[in-house]
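J.: Protein chains in written order, with my numbering: chain U, 1 to 324; chain D, 1001 to 1391.
Possibly wrong hints are sitting among the right ones.
Straight line, CA to CA, 30 Å or less: simulated DSSO-like cross-link-like pairs of lysine-lysine [unchecked claim]:
| id | chain 1 | residue 1 | chain 2 | residue 2 |
| --- | --- | --- | --- | --- |
| 1 | D | 1133 | D | 1105 |
| 2 | D | 1133 | U | 228 |
| 3 | U | 148 | U | 43 |
| 4 | D | 1133 | D | 1108 |
| 5 | D | 1108 | U | 228 |
| 6 | D | 1018 | U | 148 |
| 7 | D | 1105 | U | 228 |
| 8 | D | 1133 | D | 1168 |
If you're looking for bench data, these hints aren't it; they were derived computationally from the structure.
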Amino acid sequence: MTTVTERPAASPAPSAESRRDRRRRERIEEQDAAIPVELYGLKRGTVPVLTACCVLFAVFTLVPVAWIIFNATKTQANIFGTFGFWFARPFEFFHNFRMLFENVDDDGTYIQWFGNTALYAVLGGGGATALAAFAGYGFAMFRFRGSKVLFYIIIGSLLVPIGAITLPLYLVYAKAHLINSIWGLILPSMVAPVGVYLMRTYIGLSVPRELVDAARIDGAGEARIFFKIALPLMVPGLMTVLLLSVVGVWNNYFLPLIIFSDNNKFPLTVGMGLWSQHATTSGDQNLYPLIVMGGLVTIAPLIILFLILQRYWRSGMLLGSIAN
Amino acid sequence: MAAIALSQLTKVYATGVKALDALDLEVADGEFVVLVGPSGCGKTTALRMVAGLERITSGTVSLGGQVVNDVSPRRRDIAMVFQNYALYPHLSVYSNIGFALENAKVGKAERDRRIRAAAETLGLGDLLGRKPKQLSGGQRQRVAMGRALVREPSVFLMDEPLSNLDAKLRVQMRTEVLRVHRSLGAATLYVTHDQTEAMTMGDRVAVLLGGVLQQYDTPRALYDRPANLFVATFIGSPSMNLYEAGLSADGGSVARPTVVLGSQRLDLPAPVAARVAAYQGRKVVVGIRPEDLVLGSGSGSGLAADVRLVEMLGSEQHVYFSIDATQAGQAAAGAAAGESVEAAILAASAPNGVTRLDPGVEVRPGDRVTFAVDPARLYFFDPDTGQAITG
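Build the full structure now, drawing on both the sequences and the hints.
T.: Right, dumping it as structure tokens:
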């Protein structure tokens, strides 16, 4: 790796501008570069109508989230007895949160399911991202016999609904001893056709062929070109695929439902499903606040993940690399 | 032994397009050879085949006497500068230049020494810590050069390395590239579409058209003895004036043949007449370099012309005129000039010739002038084959 990291003092270092100043400047430049909405040539009144539509849609999307936040602070009686979109006394948020991590009805514990989900998401989502990167790079960079057909088969697999293949899938799993095995969930989660498709498209646009050619002439092997040259340029695409696959595994309900019968292997989705089943059938006094709080805690990591990954979605990765 | 030898090199794409047709070319050790031609002539394809980035349909590429058709690019000991630089955007200048050495497992101390030496040669010493996006166009171009020369390769390939620079920087970098070439002494194959670059830089220049080698010679020879109409129009700016003409024996006397240009005639002296003797009484294409048309009718041969347009360049002026003669080789000239200014002007106001005059000479559009022509400096081409008539 490089041994020279600091910039020479003599040169006009762009780092003289602080990070915050740069952000602000970039935001202003972006605003300046955009065509003002008055110049779009739209009919009068179009913009307010469109804005209203967007607001409506945002409200529609956010209402369930708001409901879950309000009701995570309530007792069971208040969940049913008070207005859903405001707080009510007593404020039970911390109590509910604490209860969530205690064993309920010997059905297995929330913390166990949370750990399971995290494990499945990391291995399945991470694996899916890695495979999508390899496969996408292969499809984008190399022409080989059957590459097109293979790619179309992968895309075609998107069209098959999981419900249609449940029975054969179960039979295959039984033969492969994957029933009640965590690999039964992780391995299929690692196969992400959407990820392969996204990565192929992204790599085609963001990793110029000339760079790969240049690296070849510079004496780099294909593996080294992939890891040292292409991979750093693929990061924004990879983060998209990572987020999609982690969310996919995190929210997966159907597959774990059919392959797990052991409560201790449940992910959150199936565990919470079990709880709400018990809540409706047994009328357990304490379950509803836990289900609501459980829902909130379930979605929180995804929101945090999204916020963390956001910094990787940036443009200008190729600035200075390729002229014109 | 030639450093680079191309033998019957042919490239046919899957679509059936023949990009390169049986190219034979040798580059000696330390020689600077320029491949030049209009876009789509196959010059970049040829270069990429030498680099190993393009599959060879037939023929061979030899480097240092070894046929390398099936050798991967990384084992060919070549360095290449790409048209758009192809710098690694996430690596510093230092790492960009050092990447090849790292791949070759050169020791850290030696690597550092060579990177700094290359950077010093190219005036990049202060920029080693920067990323490509923090560099100007000229600096990026230098990094691309540095990345190639740090390897001390036996063969240097350059694919239009200056085409993305502004005009002034391009002229500056020309000398820079030549200086680097001399200090390295590696055989260099340089691709460009710019005939000025080819003429000023190449020890020898290979002119390509439609995948076929037209002529391979020194710049001087290309200018003085173009092999055919295409080379004649492609090399030199403004382009050579070409007219359809007849060769006749004046008044029946075989000793004094003349060129008949429209309604005008130019007497040919004996040595020139001998050169074109075989075409006596037939149609030919006559070529006149712009600088060979001198204002003022001296005694002897002269051509009357109407001035249409004057372009003052400061050091000289280009005077576009029309004479009573049919312009020849339009197809070839059009292909050569592409969308050049000359072609556009020629098409717009219908002059059919151009000359280069001293800026002090007073000429205005609408003037009727007479040009003196030295018949010894006329070029003759066969109108059917386009080949030069050399006698």
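J.: Of the numbered hints stated previously, which ones are contradicted by the structure, given in increasing order?
T.: Per hint list: single violation, 3.
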